[in-house]
Amino acid sequence: MIPAAFDYEAPTTVDEALAALAKGSNVKVLAGGQSLLPMLRLRMASPSTLVDLNKVAGLRGVRDDGDAIVIGAMTTHDDVTREPLVLQHALLLAKTTQTVADPQVRHRGTLGGSVSHADPAQDTPAALLALDASMVIAGPNGRRTVPAAAFFKDLFTTDINEGELLVEVRVPKHTGWGAAYSNITRTAQSWSIVGAAATVQVSGGTIAQVKVALTNMGLVPIRAKAVEQALTGGPATADAVKAAAAQAAVGTSPMADSNADEAYRSHLAQVLTARAILAAAGS
Amino acid sequence: MTAVDEGVTAGREFGKSRRRKEDARLITGRTRWTDNIQLPGMLHLAMVRSTVAHGTIASIDTSAAKGSPGVIRVWTGAELKGSEVGLPNAWPITADQKAPSHPAVAQGRVSFAGEIVAVVAARTAAAAADAAREVIVDYDDLPVVLDMEEAVKDGAVLAHPDLGTNISAVWTLDSHSGGTGNDVDAEIAALRADPNGVVIERRFRQQRLVPAFMEPRSTVVDPTGEQFVIWSATQVPHFVRIFMALVTGTPESKLRVIAPDVGGGFGGKLQFTPEEVITFLVARELRKPVKYTESRSESILSAHHGRDQVQRLTLAGTKDGKMTALKVDILSDMGAYLGLVTSGVPVLGAWMFNSIYKFSSYRFTTTNVFTNKTWTDAYRGAGRPEATCAIERLVDTFAHEIGKDPLAVREQNWIKHEEFPFTTVAGMTYDSGNYEAATAKAVEMFDYQGLRSEQERRRASKDPVQLGIGISTFTEMCGLAPSRVLGALSYAAGGWENAAIRMLPTGKVEVVTGASAHGQGHETAWSQIVADKLGVPFEDVEVLHGDTQISPRGLDTYGSRSLSVGGVALVMAADKVIEKAKLVAAHQLEASVNDIEFADGTFTVRGTDKGLAIQAIAFASLAAHNLPDGMEPGIDAEATFDPVNFSFPHGTHLCAVEVDTETGQTKIRKYVCVDDIGTVVNPLIVEGQVHGGLAQGIAQALYEDARHDESGTLTTGSLVEYTIPSAVDLPHFDTDRTVSPATSNPMGVKGVGEAGTIASTPAVLNAIVDALRPFGVDDLDMPATPVKVWRAIQNGAPSHAGGDHSHVGDHSAGQVHTHDDHGHTHGHDGGAA
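For the record, the sequence lines run as chains A and B. No gaps in the numbering here: position 141 of the first sequence is 141 in the numbering used here, and each next residue is one more. No gaps in the numbering here: position 776 of the second sequence is 1776 in the numbering used here, and each next residue is one more.
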């Protein structure tokens, strides 16, 4: 199918991009295009202007910023999975990103693009939520930083306002934490039916700290706080983890679709949470 | 993949795993796909498609579309001259078959969501697409009928009110009345009363599938003077020519149809389509070249679908494992219209439910049913996968009921090697086969006993990951087909195939085949055959096909027929070339024809070193300076082969599936298949056909499912919702072959295009059910998605979650994927605003 006609801008800096965004009201930002291009072709989106960020070199790459690593919004999924800083300090994000679709998608798709799209079935938002990451948003009035918990507001809706741009993702260092992402998909290219992202700091057989977030158990990624509280300071045994994971679906509101009903999703949340935590504790 | 290079068998080329000579251009796209064709002044079409499944068209407002930039003209069904003519059904299976008129553009009423209601011609494809959205159509909704079991009830909503019924035809094959077996009802009744008797009854669902060929359909029509050149992404250029002549009233001699390189079909391009007719009608009216290329969404929505049956089966036997009687009653969903062979697809399964087993009584009945959905038609295997899946599931069920190994039950009941040729209870004569050999090889490759032991261990330890083993000992009938048989079945066409060989003066060889390749590798295989027969280099053979002006005689490619029918015609033509060349050689070598020998491309006089190469003879025959008296110049030859019987590939497929009982997720652990497709020309091409076939068959078991909501809207309208597997979703395949040459054709070949698809679906499903036996699971609706598997485990009973709108009421039916939650229920484009 052929998209409706649109104007095209290809800025090379963030300032140019913001200027382009300021020109109109029906402007869409093109990152890796893995969600937007199909939407354009199906005419689910018909922007008047497309602002293509692929020439903004400053938005790619990962840097060390003391207590956190900072990932440029245009860093591809594939780069995220290979970047030493991510592997060292945010292993959960690397492991989660490895499960995104297939190599072609991971080479085109970007972290910032997937986060901004805010599809509840996308995998990386749960990892960022679990890692207490923050999103750095640039706008006409400068930059602001929004915690992941406040960033994802609703289905396909984030805290990015009109005229603003996600430029960076800040992830606090979780150096040495174990990590795992467990998810169920229909095919490799399909979205997760449910996913569980867990990162764990184990000390002498005891879970010192644990963070868990769930994919597709509601309109936005959800932290499994009850599970975290039940396990913190306790033993990293299979029985303890499974008992705690039984609370994974508490407070969630999963949707029903052709792949799953609420009951199945709730069940999967428990099973996958336990698996992710156990794998993270063992890694 | 197992390396199956058997090296040279019959000759230098026959049996050699040559890489395909056509692949470089196909893979790089530097070739002539229909959509690549650009002609001066060419216009582009967009279709406006019905958004309702059943309704009368109250009004169509095309004024805004007509004013849209770049638009040349917009037509409704009432305005496009010729669009009211019904498209053909070439297979009326009964004398009283009911069929609604099927106009290319709807004439006041639509019968499925996706039917074309208006047509836009514009200077660019983008302008046409923009304008199509400006066409405003008002419908008065009519009630829809979507479920076959509902459709056949008294007082059901009618898909076509004017027909007065939803039943198109009822067709029966009965062994008793046909004289090939006993009375099936009597045998079932007797076994019901017999304390040793076992009678099992099952209802199986064959879900609806989308052929999902890689290249969307595309047509270009170029009117020049009185002639029309039609390029189309079709499997059947010869059919398109004839039916375009009949439907549009154009003399056949004015039409040239070209199927250039075509990117897959799987039966989905065995069709004569409304879009082809519309493109022709517009070109004829405007006297301009016109192109129409469908989008992927349009392809999923409106290219014909496949499968879709409800099967009720009764199998009766005895506790010792003997299977005696088989009764098959199926409902087959035609959708809204009858396409080229829609009505005949279930009939192709009539001889296959009994499969390789020696039943003594058999009855098959299909009731063909109309619903307000996209019409169905041929899809890889067409009728035979549906039959094979049912019988292989039933045999497993029977074996479980009597507590015997399913492999042993099969062996007890199958036709023994020494019993061939064997006339089955359905009246079909299988010429050859060796089920014992194929099964023995597969069992060894699979480590059947080892995996059974592992299954026992996992069951005993209550492992969360259970193991199941699935068996499919399939056969199929292909090589369509003896023309007399097709005539007896009221099929409109014959089943022969034609080939011609042109010996050029420079010694190169042009081969013309009536089979129309669309990805199968004909150019390579045909070159190998001719290179061997004529002793010319492989590289010197050029294969021409898919153009009714170049290959005027042909019946195209479907039903695994190209090699077993078209390949035989080619060999016959080569033999004629050799006979003609011998006359020239004898004359020039001053010898008797009887003393001329031919080997490796050279004609020699027996007992001497005098000889002439075939290339030299080709030149001499065309120079014609020194030919035998009365001989026409040239040694070209043509041949047509009409087979005397179908061919019957068979094989044993074994599948081990791990089922994660905590999540319902399945994983194919091991897949072994040993196919017997007779003599093989190119093992590498065969391997490719088997791999692709397995992928599609496995996809039916695990992934694919075309679903509609209660209003008849296709909810799997894009490849996000209609899940097809990619390479990473599929296992390693261990493939091998046995060779029992067909005796029904001189090459001993059987056909391989459909084998993998037919065999693999029940192997996978049987494995999953086998894994879940300890949970009381006896059956599972396809596709076996994680949620259905998990539900089945929870319920300890067959799951009917999702996949069929007749089971609305539980969690999954009628929902669309989150990606459509923008407020759009489905992704089809070109629809009315």
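Since the hints were derived computationally from the structure, they do not count as laboratory data. Even for Gly, the Cβ is constructed at its ideal location relative to N, Cα and C. Hints may be right or wrong, so weigh each one.
Said to hold, decoys possible - Here are the computed distance ranges between Cβ atoms for each label pair:
no.: 1; chain 1: A; residue 1: G176; chain 2: B; residue 2: E1456; range: 49 to 59 Å
no.: 2; chain 1: B; residue 1: Q1449; chain 2: A; residue 2: A243; range: 52 to 62 Å
no.: 3; chain 1: A; residue 1: K153; chain 2: B; residue 2: S1453; range: 53 to 63 Å
no.: 4; chain 1: B; residue 1: I1724; chain 2: A; residue 2: N161; range: 58 to 68 Å
no.: 5; chain 1: B; residue 1: R1032; chain 2: A; residue 2: D64; range: 48 to 58 Å
no.: 6; chain 1: A; residue 1: T237; chain 2: B; residue 2: E1456; range: 28 to 38 Å
Claimed, not checked - Far from chain A by the CB rule (all over 10 Å, computed), these chain B residues:
no.: 7; residue: S1295
no.: 8; residue: E1298
no.: 9; residue: D1575
> Q1449/B and A243/A, beta-carbon distance inside 52 to 62 Å?
Replying inline: For A243/A against Q1449/B, whose Cβ atoms are near 40 Å apart, the range 52 to 62 Å is violated.
> Okay, G176/A versus E1456/B on CB: inside 49 to 59 Å?
Replying inline: At 43 Å between Cβs, range violated.
> In terms of Cβ atoms, is chain A entirely out of 10 Å range of E1298/B?
Replying inline: Check fails; 8 Å does not lie beyond 10 Å.
>> If I claimed the Cβ atoms of I1724/B and N161/A lie 58 to 68 Å apart, would that claim hold in this structure?
In response: With a Cβ separation near 39 Å, I1724/B and N161/A fall outside 58 to 68 Å, so the hint is violated.
> Per the hint of 48 to 58 Å, is the separation of the Cβ atoms of R1032/B and D64/A within bounds?
Replying inline: The hinted range 48 to 58 Å holds for R1032/B and D64/A, with Cβ atoms some 54 Å apart.
>> For the hint 53 to 63 Å, verify it against the beta carbon of K153/A and that of S1453/B.
In response: With Cβ atoms ~55 Å apart, the hint holds.
> Closest CB-CB distance from S1295/B to chain A, is it above 10 Å?
Replying inline: violated (4 Å)
> Are all C-beta atoms of chain A more than 10 Å from that of D1575/B?
Replying inline: At roughly 49 Å from the nearest Cβ of chain A, D1575/B sits farther out than 10 Å, so the non-interface label holds.
>> Between the beta carbons of T237/A and E1456/B, is the distance compatible with 28 to 38 Å?
In response: Distance hint for T237/A, E1456/B holds at roughly 30 Å.
Of the hints listed earlier, those the structure fails to meet are numbers 1, 2, 4, 7, 8, in rising order.
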